[in-house]
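Colleague: Starting from the known structure of chain A, fit chains B, C and D onto it as the hints suggest.
Chains as they are written, first to last, in the numbering used here: chain A, 1 to 437; chain B, 1 to 437; chain C, 1 to 437; chain D, 1 to 437.
Calculated from the structure, these hints are not laboratory results.
There's no promise every hint is true.
One copy or two, either will do: identical chains are not told apart, so a pair holds if it fits within one copy or between any two.
Each computed DMTMM-like pair below joins lysine to aspartate or glutamate, with the alpha-carbon atoms no more than 25 Å apart [stated by the list, open to error]: (1) LYS203 - ASP376; (2) LYS19 - ASP385; (3) LYS203 - ASP380; (4) LYS127 - ASP84; (5) LYS127 - ASP406; (6) LYS129 - ASP74; (7) LYS203 - ASP258; (8) LYS19 - ASP376; (9) LYS31 - GLU14; (10) LYS203 - GLU256; (11) LYS203 - ASP407.
Number of protein chains: 4
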Amino acid sequence: MPYFPEVASPIAYEGPSSKNPLAFKRYDAGKSIGGKTMAEHLRFAVCYWHTFVGTGQDPFGAPTLVRPWMSDPDPMRRAFDTLDAAFEFFTKLGVGFWCFHDRDLAPEGADFAESCRNLERLVAAAKVKQQETGVRLLWGTANLFSHPRYQAGAATNPDPHVFAYAAAQVKHALEATHELGGLGYTFWGGREGYETLWNTDMKREREHFARLLHMAVDHARQIGFTGQFYIEPKPKEPTKHQYDSDVAACLNFLREFDLMDHLKLNIETNHATLAGHTIQHELRAAREAGALGSIDANAGDELLGWDTDQFPTNVYLTATIMLELLAMGGFRTGGLNFDAKVRRQSHEPVDLFHAHIGGMDAFAKGLEIAQAIRDDGRLDRFMADRYAGWSGDLGRSVAEGRASLDDCDAYVRSNAEPVRHSGRQEFLENLINEFVL
Amino acid sequence: MPYFPEVASPIAYEGPSSKNPLAFKRYDAGKSIGGKTMAEHLRFAVCYWHTFVGTGQDPFGAPTLVRPWMSDPDPMRRAFDTLDAAFEFFTKLGVGFWCFHDRDLAPEGADFAESCRNLERLVAAAKVKQQETGVRLLWGTANLFSHPRYQAGAATNPDPHVFAYAAAQVKHALEATHELGGLGYTFWGGREGYETLWNTDMKREREHFARLLHMAVDHARQIGFTGQFYIEPKPKEPTKHQYDSDVAACLNFLREFDLMDHLKLNIETNHATLAGHTIQHELRAAREAGALGSIDANAGDELLGWDTDQFPTNVYLTATIMLELLAMGGFRTGGLNFDAKVRRQSHEPVDLFHAHIGGMDAFAKGLEIAQAIRDDGRLDRFMADRYAGWSGDLGRSVAEGRASLDDCDAYVRSNAEPVRHSGRQEFLENLINEFVL
Amino acid sequence: MPYFPEVASPIAYEGPSSKNPLAFKRYDAGKSIGGKTMAEHLRFAVCYWHTFVGTGQDPFGAPTLVRPWMSDPDPMRRAFDTLDAAFEFFTKLGVGFWCFHDRDLAPEGADFAESCRNLERLVAAAKVKQQETGVRLLWGTANLFSHPRYQAGAATNPDPHVFAYAAAQVKHALEATHELGGLGYTFWGGREGYETLWNTDMKREREHFARLLHMAVDHARQIGFTGQFYIEPKPKEPTKHQYDSDVAACLNFLREFDLMDHLKLNIETNHATLAGHTIQHELRAAREAGALGSIDANAGDELLGWDTDQFPTNVYLTATIMLELLAMGGFRTGGLNFDAKVRRQSHEPVDLFHAHIGGMDAFAKGLEIAQAIRDDGRLDRFMADRYAGWSGDLGRSVAEGRASLDDCDAYVRSNAEPVRHSGRQEFLENLINEFVL
Amino acid sequence: MPYFPEVASPIAYEGPSSKNPLAFKRYDAGKSIGGKTMAEHLRFAVCYWHTFVGTGQDPFGAPTLVRPWMSDPDPMRRAFDTLDAAFEFFTKLGVGFWCFHDRDLAPEGADFAESCRNLERLVAAAKVKQQETGVRLLWGTANLFSHPRYQAGAATNPDPHVFAYAAAQVKHALEATHELGGLGYTFWGGREGYETLWNTDMKREREHFARLLHMAVDHARQIGFTGQFYIEPKPKEPTKHQYDSDVAACLNFLREFDLMDHLKLNIETNHATLAGHTIQHELRAAREAGALGSIDANAGDELLGWDTDQFPTNVYLTATIMLELLAMGGFRTGGLNFDAKVRRQSHEPVDLFHAHIGGMDAFAKGLEIAQAIRDDGRLDRFMADRYAGWSGDLGRSVAEGRASLDDCDAYVRSNAEPVRHSGRQEFLENLINEFVL
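Just chain A, same shape as in the assembly (with noise of 0.2 Å):
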């Protein structure tokens, strides 16, 4: 029996004039642009958390979503029903891709060996349904921040006993992440950071975390996982202040600790916006350092001071990232995670279609303005020109390191005043803006 039987086949993709709010109008999965097809690019994924086991509880209110997937009173049933709502979920929506955190898809235990036996059951059970339909992991991790014993930390906890829980829950979700055939492994450390530094080491906090992060390097190389790893910078909440704060904090901290080679990052918009920055700032700032791995996709208020998760339908914003995507060359192991929720008040089970329908399509708009704008190249010739003086004789002695202050002070000296160039931002916006409307 389908827990979505509003949706009787796989969502079409049926263009533009289409009214059915059950079909894609931007997102034609073979559709080839500039070589590859949208599903190529897009790797779309969705979270586990939000979209099946998400409550809709909120710090004043109790839940509202209705799951008929979640009305079993035993965990362990109640988790293989999750699976079977995920799974159909997936195929009928259309998606290649799915993420995990251990104890959303395995409840926990009565004491630590349960919860490990209860995480392999169902990842046998994943493996099958993966095989099934062909959707794959993109990647996994593990919870470390909604039991009461990581109050204080996971990782970063003053008791070492509390490291240890830590440690041991992530060699576990990185075996189950290794079994499922993941293309990766996400930290994100939401209690990794503190409430007050009147009660905080935080030197000795970062040192732990760094260690753990070596730990689980060396273990994925001992069970043999080539997956990526990743890092997830966010700024606040649940606490004060977490340590990865934003890609220049945690590009900082794997300096720091000699962890450059092992991790990239995961980057989700409503973070940056949390950090004040823009999600093109933090992409850019990650592809600059090599580091872009993948990226939760999803929006943010930015005149609400948390993390609202929204489905990102804004097309300036799909646009953007799009575009610094290209600038890579696409994804390698990442993808478009859907780290986003449904409003408390879209209580229904077909409310989750409607959303990932209209974030994919956004996606989809998206990513044709971002190839068209590369295939125009007046944004890419702007480019060139602006900085054209660095392939000069002045500025190629500076940027190779050739130049002294006192070169510098001998050409002011012998030149007249610098002529100004118009920074030309509106004329800009004007010709992304020939893109979009």
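Modeller: Just chains B, C and D, lined up with the frame of chain A:
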């Protein structure tokens, strides 16, 4: 003829019961706190730009500040008058240090050569003033953001001619600082960032910025300047995004470009809050990286989104700063530079005295509180107890890199659920308040 | 058997030199300040929701708080146990007032009738407790935001059935408040707003909200409840936008719907800062409109974008609040309700004592500072001098509505440029600090 | 000799496929949309202050903008040149309206009388220009914030002499507006607020501000000016707090001082976002109060905390604005005034054309989308269905004021739990995107 006739003689310490607004109530320069005098701990500096050259202009209004020393129509005579006013102020206030930008000390000339000559004349005069008064230069810097030529950046300008101009200016500002015996030299990259990524090659621009810093380091070696270089984080304003956005971004930049040995950080309260961080966080992060150099002592308004550069009067703020500073063992080359400006309505010269006296008293009280908290010892003991587990077998094996994920798994399986410990945030806040209330 | 065995007897005042964390250092209930005791000035209340029913759950984590009174599996027995714990806490802490929502006092039943019976049973028990202890009810309210039926609003729900449900719940909460001799009744419209205007008829929803308030006013008259109604501003969270966003929005609403005579405002610090205002501004705005009723005493974190509801320990905050309160002549029906919660890591019952003691001490000190500033008189004299011109001919003719634009034109033409006066902000901040440092 | 030689003739509509940056791609003035032309719907105005008098100065840098019309050293000749440039620009751009402040049209003179004469001379010249070109004045206003005399407020200044000055200035600005046939007159109280409440009598200041508005209303009646008065909300900047902080605060103020019949609101996007609101919210709130008058069309950067006044190019923004406007039946006296400025790096005159063309195209497309959504009807039907219950018995009895709390109690007891309905936010966002993508 004095510029501050309201203040007949140096500001005196009159103690807490004084109602004289032109007296210190908490700052007693020679008073010993933990083995050093208040003056030795606090190393106050007055900034030249806001205090003597600031006009009160804001984005919606004309200059308001009445400055008798700015009345001469000739720029050079005005500059010498301003120098007189500044040293009168330093000595009447009783501070040991000052800071300047090249262009607020000496006016821009008709061409670069004249600008350099102007600076040299003022430096010579300032050197005499320093000798007469004993006031020392905490640090110097170049203004690479006000002139239109820098509209698109200085070291990060798309045009290498502007880069060269900035580099030439740094050469002379650095030499001026050296001539004046400056203890440090600061880089604040007010335009080193972007307005829009549509016209910006961030990777290239950051590389050029690193080039300038290396060139400055080389030049310092050549001329024998042994002072400390500082870089000053700020996330935005005037730019949409400034590359040195916060401490983490600066450290990442210094690590990436092999500059960690050459620069420390100059950290400002209001820049921290604009970046979404507390000053406590930023100081801690820099200190733990061995990179805390100097402090721009001011305060922002956390409900406003721009750099208000107010004088610091909140004793929680000053006590927190002093705790970090005492934990570091105090300043080596740095000091507390009042990078703060009187409000636009506080247009009389005497308001400058009110403002600085208030800031100095607030820091003096903050120092006393910080020392008392350290002497009391309860806060330190709380921290030691909280992390005590890391001295045990498990903790040491993890911290020293001997434990693997498998070891942690084994440990967890053979032990019960970790015991949770209260973080005691409220207790600790009350403990701090014991010393404040 | 007590729920707080760590606290053997009522918290005592031990004075500033005490190092006992379970003693008052500043709050001396019977101490006279300006002719009233501290207890009479401050009228502290403990809130039932955070303190006894809060769990420590947050958007990323499960409950953490250890609450022995919440262990009984039967909801009604749990409710009675909680009531016992609450009154034990009130009397050991030594506060005179409490506040509650209907649904945190008594659990929701199988249907509305049972919910009402549950509430009646708990109210009867609470009444006995009040008589035994002398603790009084500052205000009651109905929880119209937690249950899923209210997901799209209570009085502002698109479905009138939900409106009716909310109205029925208000009826019983109001009657419960009346039965307990409550001095007030509060409306906080946690869901009275919207998530998106795409599905919202704001005009209609605001009208319905006004209807509910009029119905409550009418019902109060009918049952003889003469307590004060309050409305509580908050701009957002859980909603994207809440209609009662700040004091100005509440006043506009009350004026528009002819409710100014019937409701005053209950103002919370953290709600003010979420709206971008200082608490000083919000209290002043309400006071000047004759509408300041009661205060939810807490503190937020201005660098975080959600309602952290921390305990107020900052003495600048408490002194500022007390200055507004003294300027109003003190509370009539209202009080200082600690709408604050211990941090999620402060999971032990004793942390509740630390938290409240800290808040009470901070307000006691704030009261002393505020009274001292008033007694000193310099601040008041500064204000009187600053506006003295309005007692002159021109000022009076303008203020009394006799002057026209033409009159002003004539005045300006016959007088020189106005003389500017320094706003003396730094001087005034120092003046305040004379009483704080 | 033209000031904009790059633009030989009026900007033409060339359609979406044009790559000419100096052509309209979406704005086709005469195109009929829903029975009116684009020009009639949109009523674009160019603002005098940013576009012709703005300099590019920012808090950290000198003027950058190259403006040939600003080169004459004589202020009055410069003013006439600027007027020439403005009308050249209006006609080449093809807009129907302009807006001005008194002091950007004509320079401040040696005394008030001279300032008035200067204004009269420029008004006379502008009147001729208007007749020659057919361009009309959307609204005029007085600059009561730039001059130092207004440092502590204009109508809210502690000194009645300054109040009188402001009033006299309003008299002449109003008469100038009348002389030029202006359709409206706007009050934006840039300094009508405070920097600190320690020196501010807010109650008195707000009363004085209301006095000024009443005096202006009276004067308008006397001189026969029948245009619409507007008040413009902004929460802060340059002040810490501005009294007209948002739409709700303005409405509260107008209601409190009996001004609702005389003023409508002029609403600006960037002011809305600085207040923490969407422009959609602010327009809706004003419209529902019958108080939406005119719009300052710009865009802010929600990650920056100051008024960036950027040109509006985001089509979601423009479509949302146009939906509110169409729902109101379009402008009566108001229009879309580009209160926007080119970026400081866009220093060439031609950038002004790029900027305005981009804004006009974005609004034209937004208009088309808004009209299409209305014609489609699905959004309206969704809303009607959602609130259908209010046409039933229960709904009507509540809305019409016949139901009591007791009635609601009875209703709830005799009915089952209300049925919840999905809010369908994602579905609705997709619906909007059908018209945007």
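Colleague: Would you mind marking each hint as holding or not holding in the structure?
Modeller: Results for each hint:
| no. | hint | verdict |
| --- | --- | --- |
| 1 | LYS203 - ASP376 | between (49 Å within a copy, 23 Å between copies) |
| 2 | LYS19 - ASP385 | between (44 Å within a copy, 19 Å between copies) |
| 3 | LYS203 - ASP380 | between (43 Å within a copy, 15 Å between copies) |
| 4 | LYS127 - ASP84 | within (12 Å within a copy, 52 Å between copies) |
| 5 | LYS127 - ASP406 | between (66 Å within a copy, 24 Å between copies) |
| 6 | LYS129 - ASP74 | within (21 Å within a copy, 41 Å between copies) |
| 7 | LYS203 - ASP258 | both (16 Å within a copy, 22 Å between copies) |
| 8 | LYS19 - ASP376 | between (31 Å within a copy, 11 Å between copies) |
| 9 | LYS31 - GLU14 | within (13 Å within a copy, 31 Å between copies) |
| 10 | LYS203 - GLU256 | both (12 Å within a copy, 20 Å between copies) |
| 11 | LYS203 - ASP407 | between (42 Å within a copy, 24 Å between copies) |
When the structure is compared with the earlier hints, no violation turns up for any of them.
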